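The sequence shown: position 315 = 315 (the UniProt record's numbering), numbered continuously.
Read the hints as simulated data drawn from the structure, not as lab findings.
There may be inaccurate statements among the hints.
Stated by the list, open to error - Below 20 angstroms or equal to it, Euclidean Cα-Cα: the simulated DMTMM-like pairs (lysine to aspartate or glutamate) are: (1) K318 with E287; (2) K325 with D355; (3) K218 with D228; (4) K428 with E172; (5) K356 with E313; (6) K402 with D346; (7) K296 with D346; (8) K328 with E282; (9) K328 with E302; (10) K402 with E392; (11) K325 with E313; (12) K316 with D346; (13) K316 with D350; (14) K434 with D228; (15) K236 with E157; (16) K316 with E302; (17) K218 with E196; (18) K221 with E181; (19) K328 with D264.
Only a predicted model underlies this, so the values are computations on that prediction, with no experimental measurement involved.
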Amino acid sequence: MNKQTPLYIKELIDEITGFPNEYLLYDRLHMNLAYCDRFKTATAVCYVRLFQLNTELNVLSFLRKQVADRLRTSIRDVDTACFLSDTDIVILLTDVTEHECTVIVERIIGALSGTYTYKNNQSTLGTCIGVCIYPYAHSSSEDLIMLAKSQMYEALELGINQYKLYQGNVKESAFRKVVIEVDLPHALRDDDFYMEYQPQVGLNERKVIGVETLIRWKHPKLGVIGPDEFLPLAEKIGMANRIFTWVIRQVCCNIKDMPDKHDDVFFSINLSVNQLLMDSFEETVQEIIAEANIGKPNFIFEITENISIYKREDVKSKLQFLRNKGYKIALDDFGNGYFSFSDFVDLPIDHIKLDKRFITSLMKNNKLTNVIIPIKQMATNLGFKLVVEGIEGQSQFAEWRKLDIDVFQGYFFSEPVPFEQLNDVIFKVNREIKNCL
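Please model the entire structure based on the sequences and the hints provided.
Okay, structure coming up:
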């Protein structure tokens, strides 16, 4: 584009990529479908998702121009491409047969997947593509894109750099992900999120010393959805930070309503590294706490992501900010391979929380004692508390108790409960735990 390009044209074109925006994408799709109906041809809707395979935070936003340049060499002049986000692209292939479509899609995968360079650093991207061909799929423009997106998720189940064509049916798991992505932006607006809390019991204290905060989504059609399912999708569509802000604000409101007798109870909040590294993270946390007028809350921030792919100094600086404010830090899901010994030595952390799948595997293979004793010794030497979650029964609790674990969590003590029940549950668990210890 240049200075002579009409303003209305500029508004329809993305300046970085030179591709049409979403409004123009739908306009062209409507025209393509009308053309197909009149001349008995076919149009393919391709939903492309990019994946960072070994790169640092937010680098995809800087690679958009490079991705667009590679994509432009892979499609025809009559085709249309539109970036919906840094990770998601919709491509319209005009007047194609199924064979021609697969040839172009394979060419796109070959072009987009590979090594990119940004500021002398190399990053590797992969892709998955879902394809829906009209008129073989008789649907509206919106439905065609949703069907293509569902096929992208089915392709992802096959692995990176795969594609899947719609053949008349959609896997329930893939379609569920599409529904969740589409409906997530409405969940905050419609007040569909709510919090539950699960007690954490201190072995030495012989009482509830903390609670883990767990967000839930009461979906109008799918029912209650847990964070393990919707938060990864929220990251993909750029909503995770807004949800984290909502959680902090909601927990602060609940803390304000807690009876004084529980003012020593910690509230553990899950925090991804992406959220930690938000530009406004420090200001956001401080503003919400100040608005709640609760003084300094007893927060433990549980880091729930692979730290090694991020700049360690950036992560360390943000964690140190939290520590300086008097909050504690926990490394969550230890045992899943995300954390290295250097994380424990270098980062300002207080707790290590063992991964539930790691725990299950150890107990299943009778390796509990041999593996946990060295971990416990390391934690003690470094001044950390060791937290075990997923304690479901008396015998399991007794086995772990022999290993001198610091903090326990699980259905044996209490299931996650709404805030309205938390006070009574804490009293109940405190009474019962004295009979167990």
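Against the structure, the hints:
1. Annotation: proposed proximity of K318 to E287 holds, straight-line Cα distance about 16 angstroms (limit 20 angstroms).
2. A hinted pair counts as satisfied when its Cα atoms are at most 20 angstroms apart, and K325 with D355 does not qualify at roughly 27 angstroms.
3. With a C-alpha separation of about 14 angstroms, the suggested pairing of K218 with D228 holds against the 20 angstroms cut-off.
4. About 40 angstroms separates the Cα atoms of K428 and E172, which puts this hinted pair outside 20 angstroms; it is violated.
5. Taking the CA atoms of K356 and E313, the gap is near 29 angstroms; set against the 20 angstroms cutoff, the hint is violated.
6. This hinted pair does not check out: K402 and D346 have alpha carbons roughly 30 angstroms apart, beyond 20 angstroms.
7. With a CA separation close to 26 angstroms, the supplied pair K296 and D346 exceeds the 20 angstroms bound.
8. With a C-alpha separation of about 15 angstroms, the suggested pairing of K328 with E282 holds against the 20 angstroms cut-off.
9. Pair hint K328 plus E302 holds up; C-alpha atoms about 9 angstroms apart against a cutoff of 20 angstroms.
10. Between K402 and E392 the CA atoms are separated by roughly 16 angstroms; this keeps the pair inside 20 angstroms, and the hint holds.
11. Distance hint between K325 and E313 is fulfilled; the C-alpha atoms sit about 18 angstroms from each other, no more than 20 angstroms.
12. Taken as a hint, the K316 and D346 pair is honoured in the structure, with Cα atoms around 8 angstroms apart against an allowance of 20 angstroms.
13. At roughly 13 angstroms between alpha-carbon atoms, K316 and D350 fall within 20 angstroms of each other, so this suggested pair holds.
14. Our distance criterion of 20 angstroms between C-alpha atoms is broken by K434 and D228, whose separation comes to about 33 angstroms.
15. Taking the CA atoms of K236 and E157, the gap is about 17 angstroms. The hint holds against a cut of 20 angstroms.
16. At most 20 angstroms may separate the alpha-carbon atoms for a hinted pair to count; K316 and E302 meet this at roughly 14 angstroms.
17. Straight-line distance between C-alpha atoms of K218 and E196 comes to about 12 angstroms, which keeps the hinted pair within the 20 angstroms bound.
18. As the CA atoms of K221 and E181 are separated by approximately 14 angstroms, the hinted pair is consistent with the 20 angstroms bound.
19. Using a Cα cut-off of 20 angstroms, the hinted pair K328 and D264 holds, with the two alpha carbons roughly 13 angstroms apart.
When each numbered hint is compared with the structure, violations occur for hints 2, 4, 5, 6, 7, 14.
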